[in-house]
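**Student:** Here's the letter readout for the chains.
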Amino acid sequence: MFEFARYDAAKRVKGSVYLAIGLSLLAAFAVWAYPSYSQAMDMGQLREAFPEPMIQAFNIQTMASLEGFLSVELYMFGWVILLGLYLAYSAASIVADDIDRGRMDTLLSMPVSRPRLVFERFAALGVPILAVNLLTPVVVLVSADLIGESLSVADVVALHLLSIPYLFACAGIGLFASVVFDRASIAQRVALGATFGIYLIESLLRGTDYETLGVLAPMRYFDPNEVLLDGTYDLAGAAVLLGMTATLVVVSQMWFVRRDI
Amino acid sequence: MSALTVEDLTKRFGDVLAVDSVSFSVEEGEIFGYLGPNGAGKTTTIRTLLGFLNPTEGTARVLGTDVRDRKALVAAKGRIGHLSDDQAFDEQATGAEILDLHAAVKGDSRRDELLDLFDPPLDRQVRDYSSGNVQRLGLVTTFMHDPDLVILDEPTGGLDPLVKHRFAEFLRAERERGVTVFLSSHILSEVRRLCDRVGVIRDGRLVTVDPVETLLSRSGKVVRINSAEPIPVDFVDIDGVHDLETSVSDDQNADPDAEFTECTFTFTGDINALLGRLPDRELVDASIEEAPLEDVFLRFYGGDEDV
Numbered sequence: 000m001f002e003f004a005r006y007d008a009a010k011r012v013k014g015s016v017y018l019a020i021g022l023s024l025l026a027a028f029a030v031w032a033y034p035s036y037s038q039a040m041d042m043g044q045l046r047e048a049f050p051e052p053m054i055q056a057f058n059i060q061t062m063a064s065l066e067g068f069l070s071v072e073l074y075m076f077g078w079v080i081l082l083g084l085y086l087a088y089s090a091a092s093i094v095a096d097d098i099d100r101g102r103m104d105t106l107l108s109m110p111v112s113r114p115r116l117v118f119e120r121f122a123a124l125g126v127p128i129l130a131v132n133l134l135t136p137v138v139v140l141v142s143a144d145l146i147g148e149s150l151s152v153a154d155v156v157a158l159h160l161l162s163i164p165y166l167f168a169c170a171g172i173g174l175f176a177s178v179v180f181d182r183a184s185i186a187q188r189v190a191l192g193a194t195f196g197i198y199l200i201e202s203l204l205r206g207t208d209y210e211t212l213g214v215l216a217p218m219r220y221f222d223p224n225e226v227l228l229d230g231t232y233d234l235a236g237a238a239v240l241l242g243m244t245a246t247l248v249v250v251s252q253m254w255f256v257r258r259d260i
Numbered sequence: 000m001s002a003l004t005v006e007d008l009t010k011r012f013g014d015v016l017a018v019d020s021v022s023f024s025v026e027e028g029e030i031f032g033y034l035g036p037n038g039a040g041k042t043t044t045i046r047t048l049l050g051f052l053n054p055t056e057g058t059a060r061v062l063g064t065d066v067r068d069r070k071a072l073v074a075a076k077g078r079i080g081h082l083s084d085d086q087a088f089d090e091q092a093t094g095a096e097i098l099d100l101h102a103a104v105k106g107d108s109r110r111d112e113l114l115d116l117f118d119p120p121l122d123r124q125v126r127d128y129s130s131g132n133v134q135r136l137g138l139v140t141t142f143m144h145d146p147d148l149v150i151l152d153e154p155t156g157g158l159d160p161l162v163k164h165r166f167a168e169f170l171r172a173e174r175e176r177g178v179t180v181f182l183s184s185h186i187l188s189e190v191r192r193l194c195d196r197v198g199v200i201r202d203g204r205l206v207t208v209d210p211v212e213t214l215l216s217r218s219g220k221v222v223r224i225n226s227a228e229p230i231p232v233d234f235v236d237i238d239g240v241h242d243l244e245t246s247v248s249d250d251q252n253a254d255p256d257a258e259f260t261e262c263t264f265t266f267t268g269d270i271n272a273l274l275g276r277l278p279d280r281e282l283v284d285a286s287i288e289e290a291p292l293e294d295v296f297l298r299f300y301g302g303d304e305d306v
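Protein chains in written order, with numbering that gives the first Met the number 0: chain L, 0 to 260; chain V, 0 to 306.
Hints were generated in silico from the structure; no laboratory data involved.
For clarity, every value in this text was computed on a predicted model and none was experimentally measured.
For every residue, glycine included, the Cβ atom is placed at its ideal position computed from N, Cα and C.
Take these hints with a grain of salt, some might be off.
Selected chain V positions facing chain L (Cβ under 8 Å, derived; list incomplete) [said to hold, decoys possible]:
| no. | residue |
| --- | --- |
| 1 | Phe-51 |
| 2 | Leu-52 |
| 3 | Asn-53 |
| 4 | Val-73 |
| 5 | Lys-76 |
| 6 | Gly-77 |
| 7 | Asp-85 |
| 8 | Asp-89 |
| 9 | Gln-91 |
| 10 | Thr-93 |
| 11 | Leu-100 |
| 12 | Phe-169 |
Isolated chain V, as found in the complex (with noise of 0.2 Å):
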């Protein structure tokens, strides 16, 4: 069973089309990727399922629950934890205090277990808190009520290091329990860490929903590699190289048609094959790296005309 449903979901702000007919589904204990550029229509997606927006057209159920019956989703809260992207709370409460209200509200079963883990400082007012903390804290009270299915805008912002992988090993005994887990994010990396699947979103469309090893296979890497010895250019001639780029520094004697020693490529095929070509030359740097999100998206998901 589907856990989350989006059904044709459009919102409409005045003239702007934030979300266009967008549709797909979470199921029950998968970490489900939202993943696009900042303004492409993450939040309205996640609040408009929060019920915090009304859809235009279209509709999305919760844990079976339609958004749009108010009563029905209020009730269905009760199951479900939300992370914003832009976590608040009343600045003239404790930590400890604003833990209170939710737990009397919809409960904290896994209060303590959560405060082991992100440990925000709860003697303090919130209005003394860093960004990090109050993403702690907001992290707490999305899951001390053990909900069924959380929602989380862009949920590692603001945390250090060391709290994003304790957050990303959290997340994955969540799934093994059975949580089914929707988070946001325009990076890359964190979405390929952590999702099962991911849609990508541009402009308020639903571009694709792959697993994330097509996502990977599609999205490609950056390389990068200077040379001190000229390189022959038939190294990069092979399928899955894009963009490239090469040169021949100055003090160097080489054709630039036939040979480089600095180049840059978008590479979408095996790396291992890429690897067994390098000639045996002297290298003085080189690097494989992910092509950042906007490329990838406009190299496979084009631009407005064509997606």
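This is chain L alone, in the form it adopts within the complex (with noise of 0.2 Å):
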């Protein structure tokens, strides 16, 4: 058991780490920048100074502290949107690329199921989901005590335990697109804009007559203001992620293994 996720887990270990490298820098940027912000203007101002849709995108709480000011440039953007988008689109290779290679057929002669090569395949994202989340919120904790601002440890680090279960619904949502569609290209531009699409959605209809709309999106289970700024985690939250994931990952085993290949 588990031979697909350790060979596929071994292969991803390089990429994960310059991901988390990349996003540490981005972390350990958003940090040093912000006192020559808060020094040069008035953060309250910059804040209204965004035109209205992209406080109501970014969720723009407040950017008068460190803790709004991260959750706006390094956790809304880096994390919800680009690590979002990056794992469902990586996620959306997974199958399809295989398949558009035929080397599913060479995988598929092996005594593996159908389901397992999907579950594994899909478990083995755990690597750079994992790597991201360990290595950048000692840079973030690091940095604020070099410019000399103190943040919650237990604040920071259950933001980063949150994102685990919302990058893996993001990349559950990748595994779908991947057994639907035959061509990896088509899978990844399919996986990029529904991701995007549903963010948009969830974030520009909140507090609207259709905020119900946004029920689906991973995004309305995720939210770092709340546990940057109020210290409230919201493990319910969390749960609907997990099942969310769960969901996705038996709905695309069931899909692909009734397909033709």
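Two chains, two separate frames, one set of hints: put the complex together.
**Tutor:** Shown next as structure tokens:
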């Protein structure tokens, strides 16, 4: 068991290290930029200077504290959008790319069931997800300390832990696209479009009569502001995200097992 | 007992009927050739046998397992080797990494022996492999777990003549060990060299299943003779001569209805009898070659209407 997960995980280590370093640099830059911003201008005014749709889209609550600033600049942008899209994109090639390039026949000529193959290869996405969430909080806390700001260690750690189910749910969207479409390029585009579309629907309809439409959006269940500004951890939201991930994986398995390759 | 049984297998893609009610069986320990031109339905049949495609109608059994029984088929694959017609591996991986993955999943009791024989460059990444090297690595992954049944789709494509020869010897030795081989090909000479029995498929339909000798006697030879002196047309007036074309070269003063200096025909009789009739003339050139597969199909198995 888990031969394919191990194989894929090993293949993902190098890229995951680069990804973690890249996002850590983004984190360090955000923390480093904060003092010069906050000294140069009134951060309350900076928030107001954003157009309303952007305030809505990035869920900008405040920028007048390092927590609020990081929520927007690093976590809403880097985690919710960038990483979410990256994982959806990455997962979209899990099945489609192998079919596209004729490798699926080689894999499935081994004694392995399609559901097991899908699950194991999906699980290997845990490598990039864990890598970014191990390195970045350390960088955030150390850089905050270096500029003389104190952040709650528990909140930062909790934020990164809560982002794990969120990122798996985004990967689940990509996985589903991957089993439905034969061509990796199409699966990847659909995964990116769907994830970003869902994000826009959720953020722009928030507070309107159509708010309920965002109920299927993973972004509804992971809010960096809530964790960093209020110190509240939405465990129920995390459970919903895990359920969403499990559902997407199971539906993908069922779809993949029935289809012709 | 049959190692492989195909029962009324039909596979339809939308309006296209790729495999049309095909039935045959392959006995344990035989090498069965599945011969047909490109696009005849060979790969579709094979991919259905391995569960990659769902049959539209009918079914097949591999090592006694119904291919529609997904769980049982996964288990049976531990005893099956498969080489695809477009074998592809993870390009980022080295040959050794690929083999390690296959070994972990299905075992590798014959790995070293196969590496001695086919020798793919293990330390190189697959992306740097030539198509021949991909095929060599594929032959190792196909046989490394000592399967009872191997299903090979155009196995010699991309192999150089030396490795092709080694592969043929290896395959015969496998048959002696009791391994059942099902291989597809569009090359008649390859099937002749390797197989005991041959199923011929054309436009999705199985045209015939014959011992290889029968197929050969039916398929015939293309005979070309170029003589320095005219030869009487009587020479080719025997049974087994088809598609005769004769001509007389311009410098010869001969009656084209009674004599020829050049002729081409397909011959399905005893080649010794034919050569025995050849009059004592000085020849410029002569050749006896295998008939092209497409011609064989057209002549002996007919077109679409009368198959």
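**Student:** With reference to the structure, classify each hint as holding or not holding.
**Tutor:** Right, here's what the structure says about each hint:
Annotation: interface hint on V/Phe-51 holds; nearest CB of chain L at approximately 5 Å, less than 8 Å. A hinted interface residue such as V/Leu-52 counts as satisfied when its beta carbon comes closer than 8 Å to some beta carbon of chain L; here the least separation is about 5 Å, so the hint holds. For V/Asn-53, the shortest C-beta to C-beta distance to chain L is roughly 6 Å, which falls under 8 Å, so the interface hint holds. For V/Val-73, the suggested interface contact is upheld, since its CB lies about 5 Å from the closest CB of chain L, less than 8 Å.
A cut of 8 Å between beta carbons decides the hint on V/Lys-76: the least distance to chain L is about 4 Å, and the hint holds. The restraint placing V/Gly-77 at the interface with chain L holds, with a minimum CB-CB distance near 4 Å, inside the 8 Å limit. A cut of 8 Å between beta carbons decides the hint on V/Asp-85: the least distance to chain L is about 5 Å, and the hint holds. A least Cβ separation of about 7 Å between V/Asp-89 and chain L falls short of the 8 Å threshold, and the interface hint therefore holds.
A cut of 8 Å between beta carbons decides the hint on V/Gln-91: the least distance to chain L is about 6 Å, and the hint holds. Interface hint status for V/Thr-93: violated, as the beta-carbon distance to the closest one in chain L is roughly 11 Å, over 8 Å. Annotation: interface hint on V/Leu-100 holds; nearest CB of chain L at approximately 5 Å, less than 8 Å. Using the Cβ-Cβ criterion of 8 Å, the hint placing V/Phe-169 at the interface with chain L is not satisfied: the shortest such distance is roughly 19 Å.
This entry does not satisfy hints 10, 12, going by the numbered hints stated previously.
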